[in-house]
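> First to last, the protein sequences are chains A, B, C and D. Residue numbers for the first sequence, in numbering that gives the first Met the number 0: 0 to 82. Residue numbers for the second sequence, in numbering that gives the first Met the number 0: 0 to 82. Residue numbers for the third sequence, in numbering that gives the first Met the number 0: 0 to 154. Residue numbers for the fourth sequence, in numbering that gives the first Met the number 0: 0 to 154.
Bear in mind the hints are in silico, worked out from the structure with no lab data behind them. Glycine included, C-beta positions come from ideal geometry on N, C-alpha and C. Treat the hints with caution; some may be incorrect.
Said to hold, decoys possible - If you anchor each label on the Cβ, the simulated ranges turn out as follows: (1) A:Ala36 to C:Ile6: 54 to 62 Å; (2) C:Asp44 to B:Arg26: 38 to 46 Å; (3) D:Ala16 to C:Ala132: 27 to 35 Å.
Given next are the chains, with one letter for each unit.
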Amino acid sequence: MKIVYFAWVRERIGKAEEMLDPPPAVRTIGDLIGWLAGRGEEYAQAFAAPRSIRAAIDRTHVKPETAIAGAREIAFFPPMTGG
Amino acid sequence: MKIVYFAWVRERIGKAEEMLDPPPAVRTIGDLIGWLAGRGEEYAQAFAAPRSIRAAIDRTHVKPETAIAGAREIAFFPPMTGG
Amino acid sequence: MPVPLTIRIQQNDFDVAAEIAALTRGRADIGAVVNFIGICRGRDDGHDVTALTLEHYPGMAEAEIGRHADEACKRWPLAGLTIIHRHGRIEPGENIVLVVTASAHREAAFQAAEFLMDYLKANAPFWKREESAQGTAWVEARLGDDAAAARWTKP
Amino acid sequence: MPVPLTIRIQQNDFDVAAEIAALTRGRADIGAVVNFIGICRGRDDGHDVTALTLEHYPGMAEAEIGRHADEACKRWPLAGLTIIHRHGRIEPGENIVLVVTASAHREAAFQAAEFLMDYLKANAPFWKREESAQGTAWVEARLGDDAAAARWTKP
Numbered sequence: 000m001k002i003v004y005f006a007w008v009r010e011r012i013g014k015a016e017e018m019l020d021p022p023p024a025v026r027t028i029g030d031l032i033g034w035l036a037g038r039g040e041e042y043a044q045a046f047a048a049p050r051s052i053r054a055a056i057d058r059t060h061v062k063p064e065t066a067i068a069g070a071r072e073i074a075f076f077p078p079m080t081g082g
Numbered sequence: 000m001k002i003v004y005f006a007w008v009r010e011r012i013g014k015a016e017e018m019l020d021p022p023p024a025v026r027t028i029g030d031l032i033g034w035l036a037g038r039g040e041e042y043a044q045a046f047a048a049p050r051s052i053r054a055a056i057d058r059t060h061v062k063p064e065t066a067i068a069g070a071r072e073i074a075f076f077p078p079m080t081g082g
Numbered sequence: 000m001p002v003p004l005t006i007r008i009q010q011n012d013f014d015v016a017a018e019i020a021a022l023t024r025g026r027a028d029i030g031a032v033v034n035f036i037g038i039c040r041g042r043d044d045g046h047d048v049t050a051l052t053l054e055h056y057p058g059m060a061e062a063e064i065g066r067h068a069d070e071a072c073k074r075w076p077l078a079g080l081t082i083i084h085r086h087g088r089i090e091p092g093e094n095i096v097l098v099v100t101a102s103a104h105r106e107a108a109f110q111a112a113e114f115l116m117d118y119l120k121a122n123a124p125f126w127k128r129e130e131s132a133q134g135t136a137w138v139e140a141r142l143g144d145d146a147a148a149a150r151w152t153k154p
Numbered sequence: 000m001p002v003p004l005t006i007r008i009q010q011n012d013f014d015v016a017a018e019i020a021a022l023t024r025g026r027a028d029i030g031a032v033v034n035f036i037g038i039c040r041g042r043d044d045g046h047d048v049t050a051l052t053l054e055h056y057p058g059m060a061e062a063e064i065g066r067h068a069d070e071a072c073k074r075w076p077l078a079g080l081t082i083i084h085r086h087g088r089i090e091p092g093e094n095i096v097l098v099v100t101a102s103a104h105r106e107a108a109f110q111a112a113e114f115l116m117d118y119l120k121a122n123a124p125f126w127k128r129e130e131s132a133q134g135t136a137w138v139e140a141r142l143g144d145d146a147a148a149a150r151w152t153k154p
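Using the sequences provided together with the hints, build the complete structure.
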């Protein structure tokens with residue numbers, strides 16, 4: 000699946016998007032955050048405060064407990080500051 | 000004192016303003032409405048429904064029980080419909 | 000610094016963009032501008048309206064709007080405020096009233112604009128006469144307008 | 000008739016007067032237009048801001064704003080709705096966001112504009128990075144913004 004990052008999540012990870020194939024045990028957004036945080040120092044930093052991370056599946060806001068099965072594009076970003 | 004009329008109050012009375020000197024017994028706005036209503040058919044019609052009449056003394060909204068002593072200009076008009 | 004305040008009662012139309020520019024030009028402290036524009040409708044309560052004629056009480060209109068503008072400036076941290084109300088004959092689609100509020104944040108700008116419009120509707124000495132195919136008639140005050148104004152009264 | 004709806008995410012500035020004219024032209028049923036304009040401030044939390052850079056999530060920004068626009072059209076009797084949000088580098092005094100709501104009466108226009116701004120602030124995928132003499136830093140979400148959005152949630 001395609002994972003995309005925005006704002007300081009993108010900056011800390013050092014890339015805007017990547018294709019990843021998490022193992023089957025990674026079922027929810029929360030699981031995915033934990034799995035990503037273990038991929039290296041830059042990921043650990045980006046996901047150090049999971050409560051400051053928002054997520055979207057296929058361009059719709061979702062919660063940490065939302066299942067990721069069938070997702071084409073998952074996005075991680077800080078709380079929005081538009082408007 | 001100067002009495003001024005607006006909107007349908009003005010139309011019914013047939014004039015926009017006049018100088019009047021009500022007797023001393025006319026103490027409040029409510030008294031003045033009663034006294035004016037007795038001045039002729041056109042006034043009776045204008046003040047037929049006193050609850051639909053608003054008043055101002057010297058360009059400030061007032062209530063029927065407000066005293067008119069010292070007023071320079073008293074205005075009568077229907078509920079406002081601006082904005 | 001006193002809040003820049005513009006109040007005009009005029010027959011001519013107003014230019015919304017020019018009024019916004021006048022309030023915001025050279026200011027770095029304004030993060031939110033709210034405008035309310037009241038427009039003459041061509042239909043009211045199911046009948047066609049040819050035009051409105053707005054009568055007002057010169058002197059009191061300015062004073063009454065000024066009192067409410069001062070009250071808005073006391074209640075909310077405004078950076079600027081403009082209120083323009085037209086009088087005379089106005090055809091459907093034409094502007095009637097403009098309120099522009101500016102503030103650092105949106106809450107104050109929205110609240111002050113709503114407050115001012117509710118008060119203008121219920122208290123500013125203007126009266127609308129409607130022209131239609133049926134002749135001319137004075138517009139009756141909406142029942143809700145006094146209630147809308149009352150919600151801003153402190154308990 | 001569906002409500003005329005314009006949503007644009009763009010780098011360029013917008014023209015408030017042109018957007019109002021586009022919504023109201025030829026309409027006799029609009030009595031109230033409310034505009035909200037969000038502007039880049041030159042000072043935030045006591046420090047000078049040189050510029051903001053707005054990052055957004057292309058595709059999701061349009062979708063998210065579209066969902067809230069549809070919700071606003073369901074909740075209030077709107078006659079037209081325009082939402083424009085800029086991205087890229089924006090200097091103090093420049094416009095960031097525009098919401099224009101049109102309705103027969105003022106209540107719907109005000110309520111819909113406030114609802115949309117509260118939702119945009121809390122939910123539209125945009126992020127502000129601030130440039131100042133101290134360098135650049137991502138703007139933190141205001142604590143009140145989630146609460147402001149939550150007040151529109153039906154019980």
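> Determine for every hint whether it applies to the structure shown.
Results for each hint:
1. The supplied range of 54 to 62 Å is met by alanine 36 (chain A) and isoleucine 6 (chain C), whose beta-carbon atoms lie about 59 Å from each other.
2. For aspartate 44 (chain C) and arginine 26 (chain B), the hinted distance range of 38 to 46 Å is satisfied, since their beta carbons lie about 40 Å from each other.
3. The supplied range of 27 to 35 Å is met by alanine 16 (chain D) and alanine 132 (chain C), whose beta-carbon atoms lie about 33 Å from each other.
Comparing the model with each earlier hint shows no violations; every hint is respected.
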